[in-house]
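Could you put the whole structure together from the sequences, leaning on the hints where they help?
2 protein chains.
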Amino acid sequence: MPLPTEGRHRVVIDRVRPEIDGGRFPIKRTVGESVIVAVDAFTDGHDELVVELWYRQATQTEWQKTRLKPGYNDHWEGKFPVTEIGTASYTVVAWIDHFRSWRRDFAKRVAAGQDVTVDLQVGANFLKAALEVAPDHDQAVIQDWLDRIAAKDPQVIAKIAEDATLLQAMDLWSPREHVTRFERDLRVTVDRERARFSAWYEMFPRSAATQPGQHGTLRDVIARLPYVADMGFDVLYLPPIHPIGQKFRKGRNGSTEVQPEDVGSPWAIGDRTGGHKSIHPSLGTLDDFDALVAAAKTFQIDVALDIAFQASPDHPYVAEHPDWFRIRPDGTIQYAENPPKKYQDIYPFNFESADWQNLWQELKSVFEFWIKRGIRVFRVDNPHTKTFPFWEWCITELKQQWPDVIFLAEAFTRPKVMYRLAKLGYSQSYTYYAWRHSAQELTEYVTELTTTEVKEYFRPNFWPNTPDILTEELQQGGRPTFLRRLIMAATLSSNYGIYGPPYEHGWCLPAKAKSEEYINSEKFEVHCHDIARPDSLSGVIRRVNQIRKAHPALQYTIGIKFHPVDNERLFCYSKQSPDGQDLMLIVVNLDNQYKQCGFVDLDLTGWGIEANEPFQVHDLLADARYMWYGSRNYVELDPRHMPAHLFQIRRRVRQGNEMEYFQ
Amino acid sequence: MPLPTEGRHRVVIDRVRPEIDGGRFPIKRTVGESVIVAVDAFTDGHDELVVELWYRQATQTEWQKTRLKPGYNDHWEGKFPVTEIGTASYTVVAWIDHFRSWRRDFAKRVAAGQDVTVDLQVGANFLKAALEVAPDHDQAVIQDWLDRIAAKDPQVIAKIAEDATLLQAMDLWSPREHVTRFERDLRVTVDRERARFSAWYEMFPRSAATQPGQHGTLRDVIARLPYVADMGFDVLYLPPIHPIGQKFRKGRNGSTEVQPEDVGSPWAIGDRTGGHKSIHPSLGTLDDFDALVAAAKTFQIDVALDIAFQASPDHPYVAEHPDWFRIRPDGTIQYAENPPKKYQDIYPFNFESADWQNLWQELKSVFEFWIKRGIRVFRVDNPHTKTFPFWEWCITELKQQWPDVIFLAEAFTRPKVMYRLAKLGYSQSYTYYAWRHSAQELTEYVTELTTTEVKEYFRPNFWPNTPDILTEELQQGGRPTFLRRLIMAATLSSNYGIYGPPYEHGWCLPAKAKSEEYINSEKFEVHCHDIARPDSLSGVIRRVNQIRKAHPALQYTIGIKFHPVDNERLFCYSKQSPDGQDLMLIVVNLDNQYKQCGFVDLDLTGWGIEANEPFQVHDLLADARYMWYGSRNYVELDPRHMPAHLFQIRRRVRQGNEMEYFQ
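Top line first, the protein sequences correspond to chains A and B.
Quick note: the first sequence uses the numbering used here, first residue 9, plus one each step.
Quick note: the second sequence uses the numbering used here, first residue 9, plus one each step.
Take a look, some chain A residues computed to stay more than 12 angstroms from chain B by CB distance: (1) Ala66; (2) Gly86; (3) Glu269; (4) His329; (5) Arg381; (6) Val548; (7) Lys557; (8) His559.
Derived CB-CB ranges, DEER-like: (9) Lys116(A) to Trp615(B): 53 to 59 angstroms; (10) Asp609(B) to Asp611(A): 28 to 34 angstroms; (11) Gly30(A) to Thr613(B): 37 to 43 angstroms.
Calculated directly from the structure, the hints in this document are not laboratory data.
Yeah, the Cβ is synthetic: ideal placement off N, Cα and C, and Gly gets one too.
Below is the structure:
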């Protein structure tokens, strides 16, 4: 081991947090959020340290600096805000502060009545060094003290170690020698707010027509926008809108026996008229598409496209780039399989292709094509069946040019694979929410997502249903279950979504027993929905989304606490906004048949409420108010009426005879 | 982000464990131990992986390879032995196994009765690729199957996917494409066994004479060796043996008023006759030193020197290299201080010296001087008051040339500083043991040392006393406390030590109230010890060290479990050797006055003992045997007799009328 170039940096900077896999991956935040940075820093001996947090917004070239505060056990902490979308950076820098060390020791010497003549000279030398670089004002402060030392002013001995003005000047201008800088600059992917707080609505455009038997169009989707916006959704997600292959087209309910009028699955992408950059002729034109994007914008709605990287046998890629697929020994192209199941209408790309560079470039260009037409949100189909290096490169490249783009990973697979995709760049991720039923399952899962390192890079998006997922719980639970699963998705996670109108209309019939497929699934046929159905859940959904928009506590997935209830069929949790001001308490009856009641056990100290102080809980769903005292309180929920309380916690703020006592 | 050079490596290798600070520091092992390596590895899609552990002993240039085994949730695990002192390496490599993926799918297709003509061709292509590189024997196996495929042997279809011989050949010779290698090669510092398992005995050589009033010599230490060896110690640690400064020499009990006959503190190193590479004239010569080292060797004892990097005002360094110290404005050299306390007999080195390179080289040469005279163990005084970069460089350099050297860090300071020194290279570390008294305190501390990442790099050394540390517990507890603290040190930690003869003789008088200093401390004066004192603890110490040597369970600090007792004055723990064979159960009475009794609650399943099976506990201190049944068993300890049981757990191995039923 050779001698280092500089061996005199005495400060050790250890374990900067947050840091994902030794800085290999960025953490994630949205504009306006803060990053709390903690670090272990220490030096040999007993000298005083300065530990600085350095940070830089996406477009800044100069570091901004702030001092970290020391805590217990060599722990230092501070924070910085992220204010621009793009990639922010942070690192930690530290050095020995000889003036502060001297100052501390000098005070002790004076207190012990020691002769400090020489020590004062030591201090004077620190002042002289600072004097050389200090600007006018601070120079005057320092020179003043130097003069008083030279004049042997007895007051100096008593006061120099306590003078805050001198300390301030010295903090600024004391020479910084042998500075230790943390080995790495760490990164923050800063997204716009919608990456953190969004309500998604998925619908099949071809089912958007108002007359039965008609193939819906993008223009019909435009007409459906007020309905979607009125319910409070801000991302309108469309399954693939591209031409659909003919060869091996699937019939209704996924049958391999196809009828001439069958429309096929939108995920069997491509025919002779085009592929991933084309629009299905029955849906409309690129002009219609532009009109939809523009109309959605007037409702502050992002249109999200489904990017499914696979091809039907009729896709132009197949003829133009057969080497992007796997060729079988008989010269045919390998279709998708999960042996013994065969999906002959789908050709997966071969990411081990010798021509992988061109394949990557082409796939990236698909995103670019739609980004240039105004799309900023993509839901990516099965990203876990494409290679990880591709996603890291593709998302990094795209976000470098368009940092406002949001990617949702539709990977329902093993946890580490899902987390890896998030680390590589996905802004949001589908989750196991649909299959977490009991209070214990939900508590464990949300605790993992919100209290471990996962919270730094994985933004969950909770969906009670999708076109592929009609859970057994929804099949059997009726309206109370549809309400409950929606309310929990919307309040446990700040990002959530539903697949409608089947959700509003309570579709619950599976294709067959033990299947999560819908019968007569929209994946294989056109439907027509009466959005004005009197039994629609749209009214409740509207109310839930209004409450989310009014309450910052619900706009973050973090900040959640679970509270014990003495009835295991009741599930209780609270959410608090980062500034601590907004406080929501949610109580859910997990039983879809019977009224349940019990006592919830709250942690009032965390809320700044005294044990003997009354507070109001205001159910924003029912607009009912209750006065509670203390940590133990009674709740009762009848699922036939409404399976949840969505309480705002209102602390008492006024005395006397004003109307509103609680904020 | 540019396209990677190779984008087709589909396997992700994540979180290789153990890994300290992203590979920045090595883990530690001793020769003969194993490293269990765990990793998360996965790929896109559903292909089969091969994950290999690559490892290399210190002097090997070629990697040895072994396959990791898959567990739950993408976890893979395996292990490798370390067989040579020095620096071993390990990393992880993985790739997609196309043949194994094909084989798995092929079996499913056959089971489903599908036409597999083309699939068999796909498989044949894998075989052909392997055939090109396979040597004779495996080539024949592969060619045989290819012939049978070509002959359309119907048996092939049924059996090719199950044939173990073919699989074995293909595992060896299938082409490995697009291999992912973990970003880093990780390191293991492999020490000799004594770094992990050692019993230290500290003594002042000048107190080794047999006649009161005589200054002991290194020859007297040689005469003391049989005593030390008989007690079972294997490291004999001597405080500094160098010339002692005259200027500001400390008198008895550290007094600043010194008498002409006062011998001074051995840590005030250096006078005009020499410094860190010289021997105090009253102790003897370098020849005497060599004789001591050689004599110790015949007892398998390592002599450990104390390296205290500081100088007395009379040290030759002060005149020759005043720039290695801090110069005060009045031209004097800055002595050690902890304001308002002054230690004018000690000059610390200034590691911010402009001449730091020469300072570093000189300090390293001190180790080298003694290493060349046969010393392989160093106890380093206050390493936390010297810079961290220096230690990393110095220890790395020394261990590169002499990998059998062991360094003990005497840093009684904050936890993160102590852990950092261990990460930087210290082989063993002093601990907080002396100040952990209750069962809860000891359990928490040992749990931190043995179950967190700390166990990978920090080897604790437990000392009940040192010349600086006479704890209040020892001052007040009498013989039961001396016995208890020794037995716990020797059985909780595989490295432990005592400062004797004061420990054997129960020295317990402090210099003053609330002080941990001994009165009439050997640090400042010569003593004469009657090692044959009838009240000496040496007999019990001998027995404890014999038991340690006979029981592998006590030769590792890891492998410890704590067991509940229904009496908080009783402390119970067990240790199991890495191979699981040796099992010790220790029960300690923490009360130094009263007999205590209670029920211990054991976890028999971890020991392979059935709940209804009798087992024998054999107290090796008292040579008493008890028959126990089930997990709950009665214990009773009278501190006036012996404050601990040191049970060997003997499982029943024989039936019938043989003498020894329990192993």
